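Novice: Here is what each chain is made of, one letter per residue.
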Amino acid sequence: MAGENRNAGNGFTGRRRLRKPKATVVVADRVARSVITLGGIGGIGAVSLVGLFLVYVAAPLFLPSRLDAERAVATGEPPAGVVHVAVDESATMAWAFHRDGSVLVRDLRDGRTIHRLRVPDGPSLTCWSFSLEGDRCALGYADGSVRLGTLGFATEYVDADDVRAAGREPAIGEAVPFRRGMVERTPEDQFRYREIVLALGEPLVLAAGTLVRIDQSRGPGGSLVAALDVEGRLHVGERRERRNLLTGELATQVRGGSLDLRAAGLLPAGGIAPSHLLLTGLGDNVMLAWPDGRLLRVDTTDPADPQPAGEVDLVPEAGRRLTAIAFQSGKASLVTGDDLGRVRVWFRVKDPEGDSRDGTALVLAHDLSGIPAVATAITPSVRTRMVAVGFADGTAALYHLTSERRLVTVDATGDGEPVEFLALAPRDDLLYAQTGGAARIWRIVAPHPEASWRALAGKIWYEGYGGPAWIWQSSAATDSFEPKYSLMPLVFGTLKATFYSLLFGLPLAWLAALYTSEFLAPGARSRVKPVIESMASLPSVVLGFLAALVFAPALERWVPESLTAVVTIPFAFLLGAHLWQLLPREIMLRRSRCRLGGMVLGLPAGLWLAFALGPTVERTLFAGDITAWLAGQVGEGTGGWMLLLLPLSAVAVVAANVQIVDGWLRNSSTGRTAREVALLDLLRFLLSSALAVALAWGGASLFAAMALDPRGGFLDTYVQRNALVVGMVMGFAIIPIIYTISEDALAAVPGHLRAASLGAGATPWQTALRVVVPTALSGLFSAMMIGLGRAVGETMIVLMAAGNTPIMEWNVFNGFRTLSANVAVEMPEAVQNSTHYRMLFLAALTLFVLTFLLNTVAEAVRTRFRRKSLQL
Amino acid sequence: MSAGAVTTGLAGDRAAGDPAAPPLASRQRRAARRARSAVTLLAQGEPMLWLTGGGLVVAGAMIVGLVALIVWQGALTFWPAPVVSITTADGRTVWGEITRRDVFKPDPSLMGSLAPQARAAAGRELSASGGRLARRLVRSGNFELSGEHFTWVSDYEIAPDGEARPRWALVVERRSWGRFYGEPVAYLEDGKVVATDAAAVWRAVRSAQPAVLARVARQRDLERREMDRLNTRVEKARLAVRQAELDHGRDSAAWRQAVAAASRIETAMGQAFADLTDRIDALKRENERSVVRLRTGDGREADLALGDIVRAYPANQLDGAAKWGVYLSRWREFLADEPREANSEGGVFPAIFGTIVMTLVMSALVVPFGVLAALYLREYAKTGPLVAAVRISINNLAGVPSIVFGVVGLGFFCYLAGGAIDQAFFAARLPNPTYGTGGLLWASLTLALLTLPVVIVATEEALAAVPGSLREGSYACGASKWQTIQRIVLPRALPGIMTGAILAMARGAGEVAPLMLVGAVKLAPELPLDGVAPFLHPERSFMHLGFHIYDLGFQSQNSEAAKPMVFTTTLLLVAIITGLNLAAIWLRARLRRRFAAGHF
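Line order of the protein sequences matches chains A and C. Under my numbering, the letters of the first sequence match residues 1 to 872, in that order. Under my numbering, the letters of the second sequence match residues 873 to 1472, in that order.
Derived by calculation from the structure, the hints in this document are not laboratory data. Quantities reported herein were computed from a predicted structural model and do not represent experimental measurements. Cβ atoms here follow ideal geometry from the backbone N, Cα and C, with glycine treated the same way. Hints are supplied without guarantee of correctness; some may be wrong.
[Unchecked claim] So, partial list: chain C residues that the calculated Cβ filter (under 8 Å) puts toward chain A: (1) 914; (2) 1062; (3) 1066; (4) 1277.
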């Protein structure tokens, strides 16, 4: 080739032909190729980044938790007499409370004692309790008095010069001993000083004898304290502090009462004191637990009059013992450990049938088993539902109670010694375990302990609920709140929205597409189609606004009319058809264009009928007030059953018509004129309609007579923003896309099939129903799938019109919350990289995958259909 | 005609029938056939046909109804309604504009609580209308006196002859507190009554108003622009100090210098601030000199400073031209001014501006990349299963819900990319985010991501529609690939590409869900594009028409007052999007014509 070119020389134009392309052309070509390739792949990559990024953010939810060994500390002498240990935020210090009332603060890096202090001298200390948050304590004495106060680490910022003056210059992030505590240089270059603070209030005499168990809580009005004395009397005291608004004086008021357990026969034989006394966070219950697992609840709603409120056996197995017990943060859930190695969670639920005094019962909500050793120490987290449990074989484990997961297990002592004390740093990032004279510290890497497949999809028993349930509630006002991350209510809401909108939109879109493609004149078709298509680009925020502020109030006002319209509008069209048939044949053929005009009249006629009948329907079926009827206040079930049965009875009547009456009509119409047949057909239609209504009425009366009530399922209390509104408006929103794709599919059926069918004597309707629709079926299906995808992901309409309550009921008159609306509502408030944030990403990922799959199926079906219809 | 149908049917049957059948059976069969053919009526499926047509009618009616509702409500909102004075039987008088009428089902306890006369009227009405009572919602305004903007008045409450249209009822639109309805009783200048006759007062107000409005504009300009300028300088100096501290550390020479400069600027600006405040106060005082005293329907009097009045007109005296004047002036305000009163009054200019700027930035991002990707897929990539898979995936991405893109935009653009930018370039402003939160750039990028599949698909289709013969011809003439694309393929595909781009713009302009996460806010006084260098501020959050609708309809305090605004905003948004769509349709038609003409 090249040789030929060279030989060719100059062309006939006389101009010298270039044998090689110009360098600029070559360069431009190369540049264009690389720019387009880069830009193209970049663009495609950017789009595919969407899915990858969702996975990247959501995936850490399911990463396993782990404990990284931080350091081991020798605490010197064995901690004889230590009863409680707590660590500070960065686990640089720990304080240990001793039986004799002394408090020892240690540097946790080298084990040296930084500071030592004692509770004030006085009568001998006999019992103590420390709050989980590490700031309050209650001490009980031999003379029956108690002292409430503060014991814990306090933080303040100190001047850099003071630290330097003391000869300390910590690097950023480092902590050094300073004064009575430690000072840490923060990344913001501030000096944070932490020291132990012990401040006790005046003694409060509760009892005459020695106190043996004590606990305290802080309620909304003041402090509560409960203590048991050696005689078996339970004393409850409430201290209220009220500041006089005028004088500013602080008035302290103490009131309380006692309950003699021994006299009430509530102490076990031998008079053994309970091993634990626990006072709930609200102060309404005192729980006394004995080593054999017996737990006695005392109702202290009125502190002046404590009364026993029930007993539970925490360890029913004979001979087994309760070895550890503690309150979760919020002091509502009890965590117990026993010598079978079980960790169990108990909380009170409402129990109206029960005979307990306060109407509640303590139930076993979570059971986490798995380590075959005696549980020796339980330390709940301050902030979350995590709990650290130590065992007699030296194992320490972290559990998450809501998701019932054992997050991680570690050999805490290394030599099989039992774990004596466990402490969690307040931010849940460090675990401290102490045995004998040695302590170890681990860094906890458990960013999302509450997430698990079970928590996402399964029913979980949350604190305060009557039983396991699917609940989404991501935030609340209180700190001790248990986040509830079940995606099920949201998935359910999405399905409900999709179901009702497809129920409304799909038939309309399909019917409209069939009519447009098969029966509409080509001229009209080219005008009608763009109009409906253009609706696809109507912003959904507009539809949502109209749904919520126009349709929802209108629908609320005309509930019976709207329900009647569902029946009367199709009825009006059918009636119109039967009346049209009465026209002479010639006119019918010649004026077939007017048919559309007749159809247009059908809609107002149906609406008029609905509004005319609406009040009657409401009076006869719904006791004159449908809202009250739906709420279950008035009336019987007949109306609701009728509503539900009417579609079924209509289908039954149509089936009977096709099976029996059609044949008879054909036979009996022999020799009759078309007009007579049409009259007969009209009569048949009217009778059938009446029969359908009568059948539904009969069935409804039967069900009502059987005392069945439809309210509670698909029909229930009316809420203004409900699934019916969303179904209608979102159905309307997905009509254009379903319509367009269906119409394209129907129009793509080759014309020769129609021609053949018509030529064989089939009517246009028969052709449409038996030739065109079956051929285009896969296209219609793919249209449905794409519509489904739209409905699943639609955000603004449901956000504005669905009420956004994440409840799970099919009630068409109640709201719901979808995945998409939930993301839109909660995403702006979610803290970056929190469990909530990742959970919302997971919701978005679910939507992404769902719509992607639906669209892929639709696309595959459509491609197949195209290939098939080309072959035809 | 029936007979005709029967004969043709029979003829057809006979031709198809079996001639060898026995005569008796043949007759029976013929009878049966005649019977069947007689009911072609049933085969026509007329009822089913009407049902399918009904589907189309219902869908069409909903669309037409919806658009009609939006246009009707949106266009009528600004038309000045007459002020009616309604006196109830118990002597209460309400002045205001009637916003809508309604019927309601009265609570059973209502009748018992009524005065005898009203009870009789209500009873008559109840029996006439089947258990419902009519009422009307009157926009009664005068919020500082009555504590409400709207009042429901039931028909039975109205005294006989209780309705009137007071001749001198003024509608006063104010900068705060909503509307005021009342008749002018005095015009005060510096606290002295100048005029007391209604007509004279109105004349005085009219003549004083232009100067007052000019002063108000001047005052707002000072408050906004001048104040802003001063604030910016102080802020800049403060940032310089922080930057010096970050770069050189505290106590360094550069830091001391910056501190000194900042304190210098602060002193200077303090003086300027004081001057500016004085000037603003002077304007305010000047505007407070002229006061109009109005008497409300229930006889109370209130003094309104002219400076607080945006617009006033005697509603019951307007002739056609004056009504049009008020109507058009409201539209002008709506399109060109900023919102007032928690967005429920005033204009939506910042939202229009935000929508347009965001859409343009989005298009500038999405069109080049979309076209490049489509060119790559159609012209450069080797066709195979991988490209087919990519193509299907892109097609499917067009169906992924927009909120998902919003989530990605927030997580990737705002938090990840924006956070990194802040760390690298705006460390001085931390912990206040600059790019690390929603803003115009991130919103545009998110929507670009969202509309990229639309552009790619449309461009690919346009490229595919260019006949292969054209390309082959170009190659045969010795053109290189890029020359072919540049001179033959792209010009032919251009209308299709533009259609895709316009459709993407229409989709982008109407999306709200992702914007809620990446930068649209309810009020952003600072426009993303202004006269302060560097002019385009891609980090600023912005207002958006779609978000405005959502916010007005759902977050508004006074949702009844906001409703008309929502309809007008909706009309505007729908008009913009319809306009874009019509442009796309027009282009598509042009494209088709061009191909019909120039086929090889």
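Novice: For this structure, which hints from the list above don't hold up?
Specialist: 2, 3
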